[in-house]
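J.: One letter stands for each residue in the lines below.
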Amino acid sequence: MLVLPADKVISTFTASGSLRVDSDIAAKFKSGDSVVVRTMHSSGHTRLPRYLRGKRGVIHMDHGVFGLPDSKAHGQGERLQHVYNVRFAAGELWGRAYAFERDSVHVDMWDDYLEPV
Amino acid sequence: MDGIHDLGGMHGFGRIDPETDEPRFHAEWERRMFGLMMAAFATGIFNVDEFRHAIECMAPAEYLTTSYYEHWLHSLEQVMLEKGEISRAELELSWSKAAEGLA
Amino acid sequence: MLEKGLVEADTLDAIVDLYEHNIGPKNGARVVARAWCNHDYKKRLLSNATAAIAELGYAGSQGEDMVVVENTSEVHNLLVCTLCSCYPWPVLGLPPAWYKAAPYRARAVAEPRAVLAEFGVYISEDVEVRVWDSTAELRYMVLPQRPSGTGELNEEQLAALVSRDSMIGTALVKAG
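Chains as they are written, first to last, in the working numbering: chain A, 1 to 117; chain B, 1 to 103; chain C, 1 to 176.
Do not take every clue at face value.
[As the list claims (entries may be wrong)] Sample of chain B residues at the chain C side, in silico, Cβ under 10 Å:
no. : residue
1   : Gly8
2   : Met10
3   : Phe41
For the record, the hints were derived by calculation from the structure and aren't laboratory data.
All residues carry an ideal CB built from backbone N, CA and C; glycine is no exception.
Sequences are here, hints too, so could you generate the full structure?
T.: Right under this line is the structure:
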């Protein structure tokens with residue numbers, strides 16, 4: 001356990017410290033792939049928002065490999081996997097009443113949250 | 001978890017109401033809370049996912065009616081308890097000392 | 001926690017000082033101004049934001065993996081974290097209370113144009129409003145459009161025009 005001394009504050013909080021992991025774990029998806037968000041209802045921690053369950057989107061970009069919060073929050077290990085930015089049409093999320101056809105919502109999603117279409 | 005924190009798309013919350021020239025911290029205790037959480041996080045006793053999950057487990061009514069840094073306080077107390085860094089008795093003692101201070 | 005030696009009082013003061021007086025949206029404004037003035041820098045910023053932002057000396061907590069999204073005549077970007085309050089601290093400092101509160105978090109993904117209207121921003125229906133929900137450890141920043149009538153200004157003068165809200169997407173930059 002590190003007790004942080006005052007003179008190390010600036011260097012600690014301005015250090016690069018990326019959570020991205022250099023790993024050759026295979027990505028299940030690539031840019032342009034159509035995906036559907038899994039329906040999940042775990043009582044544990046997740047970063048999959050309710051409003052996206054079962055929604056269809058398109059992979060916008062692959063951010064690389066990170067640990068999975070669903071397991072990290074509960075001491076269940078890193079479960080390293082790819083994280084993607086996924087593009088959803090606003091109408092897909094909010095229905096035909098959403099008046100602006102071009103609008104979209106982009107959300108970062110772990111591999112485990114997605115299924116192929 | 002399908003918790004109250006998962007707010008995307010919910011109705012009923014009204015206007016956003018940004019404060020003009022908002023200060024970074026609205027009270028001295030918020031400053032202390034911010035510094036404390038960051039320093040505690042640097043110890044490596046808990047990770048950010050555990051921290052977030054502890055906030056998510058707040059009772060919904062409490063989550064919605066308390067401020068941001070009160071959420072942080074709740075979470076820090078919880079994770080410290082769960083990790084065995086403080087005991088329930090120690091926590092309750094400091095609560096009653098704080099309450100006396102306010103009385 | 002002080003009693004238990006887990007944290008030190010001087011450390012708490014140093015942390016608060018760093019984020020109250022040191023790190024703030026002036027950082028992001030300099031990044032934006034550099035991108036407006038230097039085409040190659042802008043390309044680097046859009047393809048590897050973390051490295052480009054670090055070139056100006058900004059890096060660290062809650063910004064270890066940055067993505068910069070550009071406003072254009074076709075796309076207006078808006079940032080939110082519906083689940084908590086994720087925000088790019090190294091370039092914007094700590095987020096304002098409204099960003100972390102329920103109304104913004106609930107409404108930004110579902111009715112972004114109504115949210116923008118509350119901020120006095122109106123986007124044409126020909127333009128895509130693209131909302132980014134920061135659910136992972138990537139942190140986003142908006143590169144706002146450079147207003148017309150600023151051709152004569154230098155980088156420092158341009159940076160002075162760039163508000164924090166324009167880098168969240170709730171404001172446009174005005175020529176001042």
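J.: The structure should be examined with respect to each hint, and the outcome stated for every one.
T.: Evaluation of the provided hints:
1. Gly8: At 4 Å from the nearest chain C Cβ, Gly8(B) passes the 10 Å test, so the hint holds.
2. Met10: holds (4 Å)
3. Phe41: holds (9 Å)
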